[in-house]
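There are 2 protein chains.
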Amino acid sequence: METGKLLTDRVADEIVKNIIGKDLKAGDKLPNEFELASMLGVGRSTVREAIKTLVSRRVVEIRRGAGTFVSACSGVSEDPLGLQFLEDPIRVATDLLELRFVVEPRLATLAAARCTPEQLEELMQLCDACEKNMLAGNDFSQENTAFHAAIARASGNVVVPNLAVILCGSPSMLTATPSKQIREELARTHREIVTAIAARDGMAAYDAMLLHLAQCRRSIAEQALQ
Amino acid sequence: METGKLLTDRVADEIVKNIIGKDLKAGDKLPNEFELASMLGVGRSTVREAIKTLVSRRVVEIRRGAGTFVSACSGVSEDPLGLQFLEDPIRVATDLLELRFVVEPRLATLAAARCTPEQLEELMQLCDACEKNMLAGNDFSQENTAFHAAIARASGNVVVPNLAVILCGSPSMLTATPSKQIREELARTHREIVTAIAARDGMAAYDAMLLHLAQCRRSIAEQALQ
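Residue numbers (the numbering used here), protein chains in the order written: chain A, 257 to 482; chain B, 257 to 482.
A couple of the hints might just be wrong.
Same chains, same label: a pair holds when it works inside one copy or across any pair of copies.
Claimed, not checked - Derived SDA-like pairs (lysine to any residue); straight-line CA-CA distance at most 25 Å:
| hint | residue 1 | residue 2 |
| --- | --- | --- |
| 1 | Lys308 | Glu289 |
| 2 | Lys281 | Ser294 |
| 3 | Lys281 | Glu305 |
| 4 | Lys285 | Ala480 |
Since the hints were derived computationally from the structure, they do not count as laboratory data.
These figures come from a predicted structure and were not determined experimentally.
Using the sequences and the accompanying hints, generate a full structural model.
Structure below.
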């Protein structure tokens, strides 16, 4: 084990290595406390502390009475960029969007080049689900985040999907429903993005995403005025 | 307090709110265990557990004998994107770089428009320190990460700096020293980036960063062949 760290942290690192080494996936069960203690040659209370650390890092989750399981969050922390420590919510929303302008059009282009038929099918379904809520004036944040995360996965880049969840999960302070005009534009540009990806037209996908983000910016401006 | 979470997590959230509410900065001291327990109306053992959670989320750090302090990591965990759960280290390095190609040239352009005189001074010093190690064939990873993080801060975007630390911290598996030719090119393109930012020339900063990243890609290719 690596030295210079607290024993609990070192044991947590060993458990992570074990998860990776045994190729355990989200939902797979870990050995119990007793087995882990004997495997790693430490006491059960140390194992318990290490598991708590891994729960807070969202690597594992405890299901009461059932055991400890690999978390579906794959170790992506709840607020990986520490955004809750930034002060002005409108500023955070604006700057997140500035970053999305940098990243997402290129991701749409990559998705047009690399997305699989299954990923395209998923994108179309998410686009439908999102559009339905957008046009009905319902909350669409969940479907919207899922749609943008699916484009990030379709980019084929293994790092980006974990990042996209952060970028596109709309900050919780901006939850007002946008005006009908903006909702219609958001739905239309979503559709254009999917059409361009389906046509394998990287440049059209880039442009449609740019247009979509410009609509998002208008939506934030609308809410900042309220 | 929010319900549906474990008491420890709720107390941890309250401590975070307290840090934000009192505008405590990195290095500032938190109230002691006893004071926190009485402030939050919970037992000291719960406070102790909550503090442990916040240590593992890198929100606070404990200095033995001195107390608990706000961490300089501002809640950015060690591996916030869960990259250690991705399997192929060369693939992770390649895809991180693909993302840097998307993000960093634009950050350099923003830095040219927005950086303050103090930030420029810092950039020049980091460029010097990094160049010295690059040309001497020493490890330059720390100065290099600091240089790229300083450009991200100079972009004026509040979200980006925490992201840059993830993007530019070279994955630990790629630690071999690049060849002399590549090290010289990396140093030269670093210098060109700073010169362009100093001249407030956003397009030249964009191009210099692109060239620099192309050199980084050659450096990774070199190591992948070894």
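Each hint tested on the structure:
no. : hint               : in the structure
1   : Lys308 with Glu289 : both (12 Å within a copy, 20 Å between copies)
2   : Lys281 with Ser294 : within (23 Å within a copy, 42 Å between copies)
3   : Lys281 with Glu305 : within (22 Å within a copy, 28 Å between copies)
4   : Lys285 with Ala480 : neither (45 Å within a copy, 34 Å between copies)
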